[in-house]
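2 protein chains.
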Amino acid sequence: MAMKKKPVTGMKDILPKEMAIRDYCIGLIKETYKTFGFTSVETPCVEHIENLSSNQGGENEKLIFKILKRGDKLTGAVDKLIKSGAESVPDTDKAEASNMDNETGLDIDVSTLSDSGLRYDLTLPLSRYYSNNANDLPSPFKALQMGNVWRADRPQRGRYRQFMQCDIDILGEASILAEIELILATTTLLGKLDFKNFSIRINDRRILKAMAAYSGFPESDYDTVFIILDKMDKIGLDGVKEELLGCGYSSEAVDKYLNLFDKATGDIESVRFIKEELGDYLDTEVSDNLETIITSVENAKAADFKMKFDPTLVRGMSYYTGPIFEISMDEYGGSVGGGGRYDEMIGKFIGTPTPACGFSIGFERIIMLLLENDFKVPGEGEKKAYLVEKGMPSDKLLKILEKAKEERAAGKSVNVVVMKKNKKFQKDQMAEEGYTEFVEFFKDKDM
Amino acid sequence: MAMKKKPVTGMKDILPKEMAIRDYCIGLIKETYKTFGFTSVETPCVEHIENLSSNQGGENEKLIFKILKRGDKLTGAVDKLIKSGAESVPDTDKAEASNMDNETGLDIDVSTLSDSGLRYDLTLPLSRYYSNNANDLPSPFKALQMGNVWRADRPQRGRYRQFMQCDIDILGEASILAEIELILATTTLLGKLDFKNFSIRINDRRILKAMAAYSGFPESDYDTVFIILDKMDKIGLDGVKEELLGCGYSSEAVDKYLNLFDKATGDIESVRFIKEELGDYLDTEVSDNLETIITSVENAKAADFKMKFDPTLVRGMSYYTGPIFEISMDEYGGSVGGGGRYDEMIGKFIGTPTPACGFSIGFERIIMLLLENDFKVPGEGEKKAYLVEKGMPSDKLLKILEKAKEERAAGKSVNVVVMKKNKKFQKDQMAEEGYTEFVEFFKDKDM
Numbered sequence: 001m002a003m004k005k006k007p008v009t010g011m012k013d014i015l016p017k018e019m020a021i022r023d024y025c026i027g028l029i030k031e032t033y034k035t036f037g038f039t040s041v042e043t044p045c046v047e048h049i050e051n052l053s054s055n056q057g058g059e060n061e062k063l064i065f066k067i068l069k070r071g072d073k074l075t076g077a078v079d080k081l082i083k084s085g086a087e088s089v090p091d092t093d094k095a096e097a098s099n100m101d102n103e104t105g106l107d108i109d110v111s112t113l114s115d116s117g118l119r120y121d122l123t124l125p126l127s128r129y130y131s132n133n134a135n136d137l138p139s140p141f142k143a144l145q146m147g148n149v150w151r152a153d154r155p156q157r158g159r160y161r162q163f164m165q166c167d168i169d170i171l172g173e174a175s176i177l178a179e180i181e182l183i184l185a186t187t188t189l190l191g192k193l194d195f196k197n198f199s200i201r202i203n204d205r206r207i208l209k210a211m212a213a214y215s216g217f218p219e220s221d222y223d224t225v226f227i228i229l230d231k232m233d234k235i236g237l238d239g240v241k242e243e244l245l246g247c248g249y250s251s252e253a254v255d256k257y258l259n260l261f262d263k264a265t266g267d268i269e270s271v272r273f274i275k276e277e278l279g280d281y282l283d284t285e286v287s288d289n290l291e292t293i294i295t296s297v298e299n300a301k302a303a304d305f306k307m308k309f310d311p312t313l314v315r316g317m318s319y320y321t322g323p324i325f326e327i328s329m330d331e332y333g334g335s336v337g338g339g340g341r342y343d344e345m346i347g348k349f350i351g352t353p354t355p356a357c358g359f360s361i362g363f364e365r366i367i368m369l370l371l372e373n374d375f376k377v378p379g380e381g382e383k384k385a386y387l388v389e390k391g392m393p394s395d396k397l398l399k400i401l402e403k404a405k406e407e408r409a410a411g412k413s414v415n416v417v418v419m420k421k422n423k424k425f426q427k428d429q430m431a432e433e434g435y436t437e438f439v440e441f442f443k444d445k446d447m
Numbered sequence: 448m449a450m451k452k453k454p455v456t457g458m459k460d461i462l463p464k465e466m467a468i469r470d471y472c473i474g475l476i477k478e479t480y481k482t483f484g485f486t487s488v489e490t491p492c493v494e495h496i497e498n499l500s501s502n503q504g505g506e507n508e509k510l511i512f513k514i515l516k517r518g519d520k521l522t523g524a525v526d527k528l529i530k531s532g533a534e535s536v537p538d539t540d541k542a543e544a545s546n547m548d549n550e551t552g553l554d555i556d557v558s559t560l561s562d563s564g565l566r567y568d569l570t571l572p573l574s575r576y577y578s579n580n581a582n583d584l585p586s587p588f589k590a591l592q593m594g595n596v597w598r599a600d601r602p603q604r605g606r607y608r609q610f611m612q613c614d615i616d617i618l619g620e621a622s623i624l625a626e627i628e629l630i631l632a633t634t635t636l637l638g639k640l641d642f643k644n645f646s647i648r649i650n651d652r653r654i655l656k657a658m659a660a661y662s663g664f665p666e667s668d669y670d671t672v673f674i675i676l677d678k679m680d681k682i683g684l685d686g687v688k689e690e691l692l693g694c695g696y697s698s699e700a701v702d703k704y705l706n707l708f709d710k711a712t713g714d715i716e717s718v719r720f721i722k723e724e725l726g727d728y729l730d731t732e733v734s735d736n737l738e739t740i741i742t743s744v745e746n747a748k749a750a751d752f753k754m755k756f757d758p759t760l761v762r763g764m765s766y767y768t769g770p771i772f773e774i775s776m777d778e779y780g781g782s783v784g785g786g787g788r789y790d791e792m793i794g795k796f797i798g799t800p801t802p803a804c805g806f807s808i809g810f811e812r813i814i815m816l817l818l819e820n821d822f823k824v825p826g827e828g829e830k831k832a833y834l835v836e837k838g839m840p841s842d843k844l845l846k847i848l849e850k851a852k853e854e855r856a857a858g859k860s861v862n863v864v865v866m867k868k869n870k871k872f873q874k875d876q877m878a879e880e881g882y883t884e885f886v887e888f889f890k891d892k893d894m
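Sequence lines, in order, name chains A and B. Take the working numbering: the last position of the first sequence gets the number 447, and nothing is skipped along the way. Take the working numbering: the last position of the second sequence gets the number 894, and nothing is skipped along the way.
Keep in mind that the hints were calculated from the coordinates and are not lab data. Watch out, some of these pointers could steer you wrong.
Below are the SDA-like pairs computed for lysine to any residue, each with C-alpha atoms no more than 20 angstroms apart in a straight line [to be verified]:
1) A:K80 to B:A581
2) A:K5 to B:T799
3) A:K396 to B:K509
4) A:K30 to B:A857
5) A:K301 to B:K453
6) A:K427 to B:D583
7) B:K451 to A:E344
8) A:K421 to B:D562
9) B:K520 to A:D72
10) B:K509 to B:N582
11) A:K306 to B:R606
12) A:K4 to B:T559
13) A:K403 to B:N746
14) A:K17 to B:N746
15) A:K423 to B:G619
16) B:K748 to A:K420
17) B:K846 to A:D288
18) B:K710 to B:C694
19) B:K453 to A:K209
20) A:K80 to B:T559
21) A:K83 to B:A749
22) A:K412 to B:A749
23) A:K412 to A:F441
24) B:K509 to A:D72
25) A:K263 to A:G246
26) B:K830 to A:L28
27) A:K420 to B:A581
28) A:K4 to B:D562
29) B:K871 to A:D136
30) A:K383 to A:M430
31) B:K527 to A:D395
32) A:K420 to B:F822
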């Protein structure tokens, strides 16, 4: 029997120590977000391949785990595949001239083999969910989703092909109350997990665009410009300048653009500076709203962190339409979560525009940081073990179980196990798992 | 844009009302099983196709959602498929003579297209997990697993292709302490969910076999006999008799066999009757242990249920080796959970025998029953809404958020939403979602 012991490539088994932290976090997340009026929802892990491939997922669409069709549908697809393959095999010239598959040398389309796939995020499924169930949901709808997503990424340390995402979204709320509530809820949670001194970087997609327009970049080039701007963290102002010039943009435009970033330093004054400087290029409501978000969160926050205006914040996904934000922690290089407003995605399903805004915490990164910091789950360590000598007569065993029942009913964790020959070793091992109390029961002793 | 609104066939979106019950149950399950010394573990939802197809899963192996290979591996597999297809196409006589695929009419093997699949249960992944991580795990290892599994079953009411399973297993414990602890933990949980008057039917695979041997059935026919016996619930003693005779077994054997079931009525006396009657056909340790399990659980139980010896209990999976058990509830026709000892499965991975015993509750059935009984989640309904007039100036908004912060910190659920034009309708709707308190904030009124 050739059974494989390791998990499939890029996925992992989660050991009890990590699970204890995960379980604690999941409980805390549900509890905390509930106090902000969020309700849990769940969608299937499997989605229609059409939805997963609808250009909402950017690069993630290349990483889909596709599920094979079944039964007649599979037979039909394979049949078709073989026929198209058989036709293209003999005629080498034709195959070479056609848009053939590079590696098989055949003009084939394998997409017919699959009709569904594993979700790569929770945002697309939520859009489908909302459009399917809007009649049964309140408006605005404050949704909490926790669930696994899958991406067939190149395996690398600390990044897995199955990982948990944890998203909160407010659908049907056009005002910045959505942004404020999302940021307050997320930061309150992080505070409860003892994270301190982090910052929420915030920007607005419309400010990004207005800055580019003001500097004289053509609208068709915005995405190119933003991809370069996004590297500011790594290559600095000079690096960004060099790359922009390298793309052939005029030094006038580049200088005008970078001058803005030079002067916008992250405080609330920077928002006002940008507002004045951009003039008619920016709707003042955008910058005023951003200011209100920042001051409201700063005043009503329940954790130790800073709001920072960051005009270099881009966020990859093209579906964002308004404010965007990211969690930065010094102890962790990159982002440990982010989100923003995406007012147009739901409309693509539902037909009518539906404002939407979401915030996703990097669940796996947060667990990693807690593990690295040797996080102690509150209330853990109250574990008791009953060591029962082998061959305990059943009348005595009854009394032991009765005793365990009482302690368990009082909320205590009691593990009833058979006493091993090497009792000391057994107790040492259990102590390592967090057992602090041991009670021993012998056949020949009274209890 | 052709986006599909419905979930994929046979899977479902879970609405907030059901999610509240699910979340509550998940929390209660973790909390309750923790008091019995179980620790959470998690395995990837995706497993090697070799493991999923290793004959541990019985009928479920026919229902696997298979995942398509990616990149070069897929190209190679498709290439091979096309070549094998192309070869078998022209030579019709050869194709007909070979073990060809009935529907494509081609001699092809589609299994090469897939290298992994979605797990159909949690037992097989746990066996792999234990063999992969045994060095890092305590012995005995008491594992709690909650997670989704997938089966491409024919869609039908109340049965879904993705569903949650909830298993507890004790690995490395050969004594009946495992069975006792598993049954006590599971029934304590059911009691906390207000289930009453249910029963745990228990039998032992070795008693099943001894009864068949004693009656004179040949060992090679046991499975056939057990499949018929398993129908006792539906077709009764007479129906079983008819089917057994229909299979050509001697009326002497059939009468001897059925006489045993006629006399074993479900109480502890029946275990003793079977023990005496079977004599040398049954190791007395088996029946003595069964008796101890029943009396121990009856005496140490923390819920309102009965233990019943049921010699007709078969349980489908062939991997069971010792005691087997099932939860029966009158309010629900079928079983709402079950389990048993499977001492040989882990050894198939690990090489050395490892005793194992597990109990799985039918999570989805329990949720269904709770929904049908209009189960109220304890502590729910303490929900408060702040209705904020549109265009609230930011200084006043700050005060509102500050007030919400205080209430939330005290554990209250506060939903801050924009007041709608039809305020009465808005409040009525929120009342339906369980909001009991409303506070209104106006632009022109002092707070």
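Now for the hints, and whether the structure bears them out:
Restraint check: the Cα-Cα separation between K80 of chain A and A581 of chain B comes to about 47 angstroms, which exceeds 20 angstroms; the hinted pair is violated. Distance hint between K5 of chain A and T799 of chain B is fulfilled; the C-alpha atoms sit about 14 angstroms from each other, no more than 20 angstroms. Restraint check: the Cα-Cα separation between K396 of chain A and K509 of chain B comes to about 47 angstroms, which exceeds 20 angstroms; the hinted pair is violated. With a CA separation close to 15 angstroms, the supplied pair K30 of chain A and A857 of chain B stays within the 20 angstroms bound.
Our distance criterion of 20 angstroms between C-alpha atoms is broken by K301 of chain A and K453 of chain B, whose separation comes to about 39 angstroms. A distance of roughly 16 angstroms separates the Cα atoms of K427 of chain A and D583 of chain B; the hinted pair therefore holds under the 20 angstroms criterion. Our distance criterion of 20 angstroms between C-alpha atoms is met by K451 of chain B and E344 of chain A, whose separation comes to about 17 angstroms. Proposed proximity of K421 of chain A and D562 of chain B is contradicted: the alpha carbons are some 44 angstroms apart, above 20 angstroms.
Distance restraint check for K520 of chain B and D72 of chain A: the Cα-Cα separation of roughly 24 angstroms exceeds the 20 angstroms cut-off, and the hinted pair is therefore not satisfied. This hinted pair does not check out: K509 of chain B and N582 of chain B have alpha carbons roughly 33 angstroms apart, beyond 20 angstroms. The hinted pair formed by K306 of chain A and R606 of chain B fails the criterion: a straight-line CA distance of about 49 angstroms is larger than 20 angstroms. A threshold of 20 angstroms between alpha carbons decides the hint, and for K4 of chain A with T559 of chain B the separation of about 17 angstroms falls inside it, so the pair holds.
Restraint check: the Cα-Cα separation between K403 of chain A and N746 of chain B comes to about 11 angstroms, which is no more than 20 angstroms; the hinted pair holds. With a C-alpha separation of about 34 angstroms, the suggested pairing of K17 of chain A with N746 of chain B is violated against the 20 angstroms cut-off. Among the hinted pairs, K423 of chain A with G619 of chain B is consistent with the structure: their alpha-carbon atoms are about 16 angstroms apart, no more than 20 angstroms. The hinted pair formed by K748 of chain B and K420 of chain A fails the criterion: a straight-line CA distance of about 26 angstroms is larger than 20 angstroms.
As the CA atoms of K846 of chain B and D288 of chain A are separated by approximately 19 angstroms, the hinted pair is consistent with the 20 angstroms bound. Taking the CA atoms of K710 of chain B and C694 of chain B, the gap is about 24 angstroms. The hint is violated against a cut of 20 angstroms. Taking the CA atoms of K453 of chain B and K209 of chain A, the gap is about 36 angstroms. The hint is violated against a cut of 20 angstroms. Simply put, K80 of chain A and T559 of chain B have alpha-carbon atoms about 17 angstroms apart, close enough for the 20 angstroms limit, and the pair holds.
A C-alpha spacing of about 65 angstroms is found between K83 of chain A and A749 of chain B, which places the hinted pair above 20 angstroms, so the restraint is violated. At most 20 angstroms may separate the alpha-carbon atoms for a hinted pair to count; K412 of chain A and A749 of chain B meet this at roughly 15 angstroms. Using a Cα cut-off of 20 angstroms, the hinted pair K412 of chain A and F441 of chain A holds, with the two alpha carbons roughly 19 angstroms apart. About 14 angstroms separates the Cα atoms of K509 of chain B and D72 of chain A, which keeps this hinted pair within 20 angstroms; it holds.
For the proposed pair K263 of chain A and G246 of chain A, the alpha carbon gap of about 23 angstroms is over 20 angstroms, so the pair is violated. At roughly 18 angstroms between alpha-carbon atoms, K830 of chain B and L28 of chain A fall within 20 angstroms of each other, so this suggested pair holds. About 18 angstroms separates the Cα atoms of K420 of chain A and A581 of chain B, which keeps this hinted pair within 20 angstroms; it holds. Distance hint between K4 of chain A and D562 of chain B is fulfilled; the C-alpha atoms sit about 12 angstroms from each other, no more than 20 angstroms.
The suggested pairing of K871 of chain B with D136 of chain A holds, with an alpha-carbon distance near 19 angstroms, which does not exceed 20 angstroms. Restraint check: the Cα-Cα separation between K383 of chain A and M430 of chain A comes to about 10 angstroms, which is no more than 20 angstroms; the hinted pair holds. A threshold of 20 angstroms between alpha carbons decides the hint, and for K527 of chain B with D395 of chain A the separation of about 66 angstroms lies outside it, so the pair is violated. Distance hint between K420 of chain A and F822 of chain B is unfulfilled; the C-alpha atoms sit about 44 angstroms from each other, more than 20 angstroms.
Of the numbered hints listed earlier, those contradicted by the structure are 1, 3, 5, 8, 9, 10, 11, 14, 16, 18, 19, 21, 25, 31, 32.
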